[in-house]
Structures are given as structure tokens and as C-alpha cells.
Amino acid sequence: METVSLSIRRRSPESRVIALAGNPNVGKSTVFNALTGLHQHTGNWPGKTVTNAQGSCTFHGREYILADLPGCYSLLSHSAEEEAARDFICFGESDGAVIVCDATCLERNLILALQVLEITGKAVLCVNLLDEARRKGIGVDLEELSLLLGIPVTGAAARSGQGLDDLLSAVEQVAVGGVERSADYPPVTYPAPIEAAIAKLLPAATALCGQRLSPRWLAVRMLSGGDDSLQSQVRAYLGVTPGHYPPLKSALKGALEELAAAGYTQSQVQDEVAAAIVQQAERIARATVQAADNGYSPRDRKLDRLFTGRWTGFPILLLMLLGIFWLTIVGANAPSRLLSDGLFWLGGKLKALCAAAGAPQWLTGLLTDGVYKTLAWVVSVMLPPMAIFFPLFTLLEDLGYLPRVAFNLDRCFQKCGACGKQALTTAMGFGCNAVGVTGCAIIDSPRERLIAAVTNSFVPCNGRLPMLISLISMFFVGTAVGFGSSVLSAAALLALILLGIAMTFLTARVLSATLLKGTPSSFALELPPYRRPQIGKVILRSVLDRTLFVLGRAAAVAAPAGLVIWLMANLRVGGATVLAHCCGFLDPFARLFGLDGVILLAFLLGWPANEIVVPIIIMAYTAQGSLVEMTDLNALRTLLTQNGWTWVTALCTMLFSLMHWPCSTTCLTLYKETKSLKWTALGILLPTLCGLALCFLTATAARLLGF
Amino acid sequence: MNRDMGLSALAPGESATVSRLMASGGIRRRLQDLGLIPGARVECVGISPLGDPAAYLIRGTVIALRRADAAGVRVVGCAPEAAPAQSGVPASVRRAAG
Chain X
141 METVSLSIRR
151 RSPESRVIAL
161 AGNPNVGKST
171 VFNALTGLHQ
181 HTGNWPGKTV
191 TNAQGSCTFH
201 GREYILADLP
211 GCYSLLSHSA
221 EEEAARDFIC
231 FGESDGAVIV
241 CDATCLERNL
251 ILALQVLEIT
261 GKAVLCVNLL
271 DEARRKGIGV
281 DLEELSLLLG
291 IPVTGAAARS
301 GQGLDDLLSA
311 VEQVAVGGVE
321 RSADYPPVTY
331 PAPIEAAIAK
341 LLPAATALCG
351 QRLSPRWLAV
361 RMLSGGDDSL
371 QSQVRAYLGV
381 TPGHYPPLKS
391 ALKGALEELA
401 AAGYTQSQVQ
411 DEVAAAIVQQ
421 AERIARATVQ
431 AADNGYSPRD
441 RKLDRLFTGR
451 WTGFPILLLM
461 LLGIFWLTIV
471 GANAPSRLLS
481 DGLFWLGGKL
491 KALCAAAGAP
501 QWLTGLLTDG
511 VYKTLAWVVS
521 VMLPPMAIFF
531 PLFTLLEDLG
541 YLPRVAFNLD
551 RCFQKCGACG
561 KQALTTAMGF
571 GCNAVGVTGC
581 AIIDSPRERL
591 IAAVTNSFVP
601 CNGRLPMLIS
611 LISMFFVGTA
621 VGFGSSVLSA
631 AALLALILLG
641 IAMTFLTARV
651 LSATLLKGTP
661 SSFALELPPY
671 RRPQIGKVIL
681 RSVLDRTLFV
691 LGRAAAVAAP
701 AGLVIWLMAN
711 LRVGGATVLA
721 HCCGFLDPFA
731 RLFGLDGVIL
741 LAFLLGWPAN
751 EIVVPIIIMA
761 YTAQGSLVEM
771 TDLNALRTLL
781 TQNGWTWVTA
791 LCTMLFSLMH
801 WPCSTTCLTL
811 YKETKSLKWT
821 ALGILLPTLC
831 GLALCFLTAT
841 AARLLGF
Chain E
4 MNRDMGLSAL
14 APGESATVSR
24 LMASGGIRRR
34 LQDLGLIPGA
44 RVECVGISPL
54 GDPAAYLIRG
64 TVIALRRADA
74 AGVRVVGCAP
84 EAAPAQSGVP
94 ASVRRAAG
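In order, the protein sequence lines correspond to chains X and E. Residue numbering for the first sequence follows the working numbering, starting at 141 and increasing by one per position. Residue numbering for the second sequence follows the working numbering, starting at 4 and increasing by one per position.
Since the hints were derived computationally from the structure, they do not count as laboratory data. Beta carbons are placed, not taken as given, at the ideal position from N, Cα and C, and that holds for glycine. Misleading hints may appear alongside valid ones.
[Unchecked claim] Only part of the chain E face toward chain X is listed, based on derived beta-carbon distances under 8 Å:
(1) 29
(2) 40
(3) 48
(4) 62
(5) 63
(6) 66
(7) 67
Start from the sequences, fold in the hints, and give me the full structure.
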């Protein structure tokens with residue numbers, strides 16, 4: 141997996157770089173967004189931020205560059221995110237750190253805070269989610285906390301924008317005013333024998349570190365045992381491998397001998413260090429937090445009993461999915477019609493305009509039949525379902541439901557030799573497979589991460605969903621608007637999705653028995669408190685973001701695709717068009733799988749974005765025959781049946797849409813994340829072969845049964 | 004009471020105190036980071052519909068652990084949670100939260 145690194149560009153020497161650290165799911169990204177005005181996607185589940193984001197804000201005329209580090213529980217563990225966060229705090233040359241904590245579980249958050257303070261004294265603690273804590277009857281004494289930690293502490297409720305100015309003032313004090321934690325007493329004190337060993341290492345460590353790194357921190361790390369990644373990072377930073385630095389090496393040898401004499405093995409040192417930090421966090425929390433309950437509210441208990449209950453967990457999950465699909469299908473109907481009518485009208489005007497301007501025939505054809513028609517299709521048929529599905533899904537995510545899905549499904553993933561967190565990355569795939577692949581970084585085991593990455597495209601992303609919906613309503617349920625037919629459509633879509641998920645399990649099982657052999661690794665998943673989704677904000681954001689994104693992508697891809705198709709349909713070689721040649725060439729092969737040459741070509745040309753597969757099919761059919769406006773599903777159905785489509789063709793096209801090569805962005809992301817052509821190829825071949833196999837079986841069965 | 008058992012043996016509603024960690028390597032580190040050190044109180048709050056993993060309340064956070072991993076956390080003094088969480092919450096707060 142890619143090592144996450146950040147290169148920071150300061151606008152002026154006066155700019156300050158601030159690292160934003162914190163446990164997963166404490167609202168770090170919300171603080172980041174509120175400060176920078178950016179829209180880093182947030183969600184109520186741990187590990188949402190897997191890549192570093194940076195943004196800037198201005199306070200009192202000075203630029204602050206904020207680096208949103210991946211959330212982590214500890215700086216001592218060895219997952220990719222935790223190392224990335226640690227490296228940025230240690231070696232990132234930041235001018236200060238903001239440690240974001242969740243007021244509702246401060247004690248556990250303080251573990252990370254103390255670890256950060258062991259590295260740097262230039263830090264601010266931001267106690268976020270104070271509003272949620274208040275509702276739960278939890279009070280935090282910020283002043284006492286500041287005294288005990290020795291750094292500025294501010295309170296915030298970042299979701300409603302409270303406390304940000306306080307936070308920036310505190311950051312200013314630290315990054316500009318030079319306020320720093322006194323180095324006289326350490327944030328955590330260890331048992332006496334370990335302290336004696338630290339003291340032994342300190343002179344050599346200080347000589348090595350100078351002012352650039354905390355010598356005490358380095359000493360503790362050396363005493364608690366080998367960490368190759370840390371050694372090489374320190375070497376890159378200071379130019380010396382600490383383990384090979386002679387004074388430190390000999391001091392370490394002596395110190396370890398004395399520890400051994402006192403009965404401490406290196407792994408015991410590690411345990412004592414971990415325990416001392418936890419106990420210190422416990423002491424500080426006890427002195428500063430007044431809690432009415434134990435952090436797991438009765439409401440959450442009830443919801444969990446419902447969402448993860450033995451008899452209710454799965455029915456609710458299925459109903460929830462069905463409900464989302466139903467709302468998507470029903471809600472998209474009216475706007476689709478409206479948009480379709482509007483765009484049809486606009487298309488007519490556009491043609492008239494071209495004619496009036498005296499544009500040559502080919503240019504008119506290219507612009508109106510090529511580019512415009514593709515855009516019209518994407519906007520009227522693809523956009524509305526996307527604009528409804530995505531926010532609905534985001535609401536579930538905001539609520540905190542997704543980790544419960546992972547909890548319910550983990551046993552299945554475990555049986556397949558995969559990680560339960562794959563349920564989360566699979567869910568992300570519904571939005572966008574590329575995002576799902578990137579999200580696989582939340583899975584610690586490299587083997588399980590690869591499984592999750594190469595099987596991610598078995599769930600249809602937002603760009604493929606509307607195509608499935610239209611095919612379902614055209615060929616299986618009927619285009620009539622009604623409650624019965626919409627529920628039936630949703631159920632058919634759900635069945636298709638479940639097939640994709642079943643294929644995910646099947647291929648994961650096969651992979652962990654063959655190419656990616658291994659046993660399931662350990663697994664710890666946080667089930668965060670439920671939060672009331674910010675409905676207005678979610679809808680506004682996702683509609684705006686999605687709308688702009690989809691329109692931009694469709695426009696960027698539709699124009700060249702329209703050009704290619706138009707040229708192919710109009711350039712003649714040996715009496716037939718290039719399009720006819722290509723389709724004719726692909727046709728016999730495609731027929732084996734219940735498709736035809738045009739459909740296969742459309743999937744090939746739709747590689748950059750699956751949104752344009754159907755428009756390409758339309759263009760290819762209409763380029764050779766009559767020209768009809770095809771944003772109306774009934775007219776489209778007629779066109780398709782005229783070109784030989786039956787329900788078998790539609791079913792095979794749906795199966796192939798569900799399982800074929802991932803889009804170019806996803807392929808690129810696969811390569812970036814795995815850094816391997818082999819695994820990228822697997823990520824392409826796996827769904828493609830599965831899709832072809834299922835299509836072949838379907839088509840053959842239909843043929844044999846005489847359909 | 005002195006005999007310890009695996010955390011995985013707790014039934015929903017039961018709680019216990021961590022006596023030692025038997026896990027090694029990465030998961031040991033991870034469990035320590037979550038605050039599972041000797042002396043920590045843990046309550047089992049639920050089991051997945053398929054029987055594995057189970058959810059544990061650890062220092063105010065609910066964490067799901069697989070049976071195999073939870074077995075490496077040895078606990079003593081298992082008992083049904085004496086005071087259910089509800090009783091500790093003032094009625095007014097409970098209303099606000101609900």
C-alpha cells in the first residue's frame with residue numbers, strides 16, 4: 141500500500157503548518173472542514189479519512205496550513221495510517237499539533253494525546269463534540285485538563301461551528317506565540333527501572349536529536365524494542381540510524397542489561413509503557429470528566445439491540461437497502477421526466493441554432509447527436525437517481541449504521557478469509573469504486589486489504605446504478621409509474637446487488653484459498669455512538685457535489701466518446717462504417733454471452749465512465765438508423781427491441797454491467813494503492829471473468845430453454 | 004473467582020475485569036491501545052446475529068472483537084452488570100438523548 145506522505149507548500153515564510161491528529165471518528169474532519177471551508181467527506185465511522193488532506197485558513201492575517209492526519213488510536217501500532225500520522229508529527233516539520241478529542245470518551249482519546257505530547261510540547265487539545273457530551277450528561281473541566289496536560293485546551297462543537305475561534309487563538313499562541321509544554325516533567329512517568337533506563341539513554345539521545353526530536357521519546361521507543369520503520373524514518377530525518385549510533389547503541393545495551401537484571405524483558409517494557417500511558421489517561425480523565433453514564437447511552441443500546449439483534453439485524457439491513465432503492469427509483473421519476481422534456485426542447489433549439497448559423501452537416505451531427513445526446517441522457521436518466529441515492533446513503537453513514545453492518549456481516553467475511561471492515565469498503569463502493577479501493581487502507585492486514593481492493597467493483601457504483609434501474613424498468617417491471625412496480629423494481633435491484641455481494645464472498649473465499657492464501661487476522665472494530673444525521677447539510681452537500689462531479693465527468697467523457705462514435709459511424713472503409721466493422725468484429729464473441737457487438741463496444745468505450753455506456757449504445761443504434769430523441773424510456777425500449785434486444789439481452793447486459801472491468805479511475809486507483817500491475821490485472825480480470833461466465837451461463841440456458 | 008477465563012466467554016450483559024493479555028504481536032498492541040490493560044473493566048454488550056464477533060464496552064467505547072481475539076484477553080470476576088446504565092442517567096438527560 142502506498143506510504144502516505146504530505147508535501148506542504150507554504151505561501152509565505154510567515155505561514156504555519158499545523159497537524160490535526162486524533163482518534164478515528166472524533167470529528168477531526170469536521171473540525172478540518174469548518175476551519176478550512178473545504179468539504180473533506182465525513183462519515184460516522186472510524187477510518188473515514190484514510191488519506192491525508194491539507195487545507196489552509198487565515199487567522200489574524202496569518203496563513204495556517206492544516207494537515208488532516210488519518211485517525212488513529214495510537215502512535216505505537218504499525219498500521220499504515222498510524223505510521224503516517226506518527227511520521228508527520230515527528231518529522232513533518234509542523235509548527236504545532238491540534239489533538240482533536242471526543243468529549244464523550246475522553247479517557248481513551250487521552251491515550252493518543254499523551255503519546256503526541258511525548259513527541260511534541262507544541263500542541264493544543266481540542267475537546268470536540270461537547271454538545272453531544274452535554275446531551276449525554278457528561279461534563280469536562282477544560283481548565284483542569286489544561287493544567288494537567290500543560291497545554292492549551294479548548295472546547296468545540298465543530299458540527300455547529302462552535303469553538304473554532306477559541307481553537308485558532310490557542311493555535312496562534314502555540315505556533316506563533318511560542319507557548320510550549322514545559323519539558324521539566326514528562327507527560328507520562330514510567331515504573332522506576334524503566335525511568336532509570338531512560339535516564340541512561342538520554343545523554344546520547346539528546347546528542348543525536350538536538351532540538352529536532354524529543355530525546356526522551358526516542359529513548360522510550362528504543363527501549364521498547366525494534367521498529368524498523370521508525371529507525372529508517374529517523375535516519376531519513378536526522379541522517380543517522382539511532383540503533384547504529386555508537387553512543388546510543390552502547391547505552392542501550394547497558395540499559396537493557398540492567399532492565400533484564402530487574403526482571404524486565406523488552407516485551408515487558410513494551411507492556412509497562414503501554415500500561416503507564418493508559419493509567420495516566422485514566423487518572424487525568426478521572427480528575428476532569430464528570431459522567432452520568434458509562435458512555436454507552438440507553439438509546440444506543442436499544443438501537444444496537446435492534447440493528448444487530450439476532451432476529452432483527454438482517455431483516456432490517458435488507459429492508460433498509462430495499463427502502464433506499466425504492467426511494468431512489470420513485471424519487472427519480474418526476475425529475476427525470478422534467479429534465480428529459482426540458483432537454484428535448486433544448487435539443488431542438490440547438491439544432492435550429494446550428495442550422496441558422498449555417499454550420500456544416502457533420503458539425504451539427506457531432507454536436508447535437510453526439511455530445512448533446514450523451515449529455516442529455518446522463519443528465520436526465522443518470523443524474524436524478526444518483527442525486528437521490530447518494531444523500532440517502534450518506535444519511536445512513538452519518539447515523540453510524542455502517543459499522544453495525546460490518547458487525548453483522550463479519551462472520552461471513554471471516555469465513556471467506558477476509559476482514560469484516562471490508563463491509564465498510566464495499567459500502568463505499570456503492571458511491572464510487574475508486575473511493576472504495578482507497579478506503580481499503582482501513583484494513584490492516586495486507587492480504588485482506590488486497591482481497592477487499594480487487595473485489596470492490598462487484599458492487600455497482602453510483603454511475604452504474606441508474607443504468608441497472610432503467611434496464612429493470614424497461615424490460616422486467618415496466619415503465620408504468622406505480623407503487624407495485626416501483627417496489628418490484630427495487631426488489632429486482634436488491635436481488636442484483638445481493639448477487640454482487642455473493643460474488644464478493646465467493647471470490648474472496650477463492651482468493652484466500654489460492655492467490656492470497658492465509659488465515660483471517662485479528663480485528664477490532666469500533667461501533668461509534670449513533671448521531672442524528674445533519675439532513676439538510678448532507679442533502680445540500682451531496683447533491684451539489686454529486687451534481688457538479690457527475691456533470692463534469694460526463695461532459696469530459698461524453699465529448700470525446702461522442703466524437704469517436706460519430707467518426708466511427710461516419711467513416712466508411714470498404715463499403716461499411718468503421719462502427720459496423722467494429723461491432724461486426726465483436727458481435728460473434730458478444731453473442732456467446734447474450735450481448736451484441738454494440739453493447740460490448742459500449743462497455744469498452746465506456747471504460748472512462750460507466751455513465752456513458754447506455755448513451756453510446758443509443759448513439760450506435762441510431763447512427764445507423766432513424767434518429768429519435770432517446771431520453772424517454774418507452775422510446776428507448778422500442779429502439780432496443782428494434783435492434784434485437786430481448787429480456788435475455790437486458791439481463792446479460794445488467795449482469796455484465798455489475799461484473800466487468802472497473803472504470804479507468806478505479807483501475808488507476810488499484811494500481812496506485814497496490815503498486816503492482818499483477819494485482820491491478822487481477823482486479824480487472826476477476827470481475828470480467830465472473831461477468832462473462834455468468835452471462836454465458838444465462839445466455840446458454842436461455843437458448844437451451846428456447847427463449 | 005481467581006480462575007481467569009477468556010473475554011469471549013462473557014455473555015451479553017456480563018462484565019469482568021481484565022487480568023492479563025495472552026495475545027501477542029499486533030493485536031496485543033491494538034488491545035492495549037484501546038485501554039485493555041490488567042485492571043480494566045469490560046462489559047459484553049452484544050453478539051453479532053451470526054454469533055461472532057461480539058461487542059464490548061471498553062472505557063466508554065463499544066469495540067467489536069472476534070471470538071478468537073477476545074479469547075486472548077483473560078478476565079476475572081464475571082458478573083451481570085450490577086447497575087444498568089439507565090439508572091445512572093438523570094431522567095432529563097435521558098429525554099434529551101432520546
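Evaluated hints:
Restraint check, residue 29 (chain E) versus chain X: the minimum CB separation of about 7 Å is within 8 Å; hint holds. Residue-level restraint check for residue 40 (chain E) holds (minimum Cβ-Cβ distance to chain X is 5 Å; threshold 8 Å). With 8 Å as the threshold, the beta carbon of residue 48 (chain E) comes within range of chain X, its nearest partner Cβ sitting at about 7 Å, so the hint holds. Of the supplied interface hints, the one on residue 62 (chain E) holds, with its beta-carbon coming within about 5 Å of a beta-carbon of chain X, less than 8 Å.
Annotation: residue 63 (chain E) was flagged as interfacial toward chain X, and the flag holds, the nearest CB pair being 3 Å apart, inside 8 Å. A hinted interface residue such as residue 66 (chain E) counts as satisfied when its beta carbon comes closer than 8 Å to some beta carbon of chain X; here the least separation is about 6 Å, so the hint holds. Annotation: residue 67 (chain E) was flagged as interfacial toward chain X, and the flag holds, the nearest CB pair being 4 Å apart, inside 8 Å.
Checked against the numbered hints given earlier, this structure breaks none of them.
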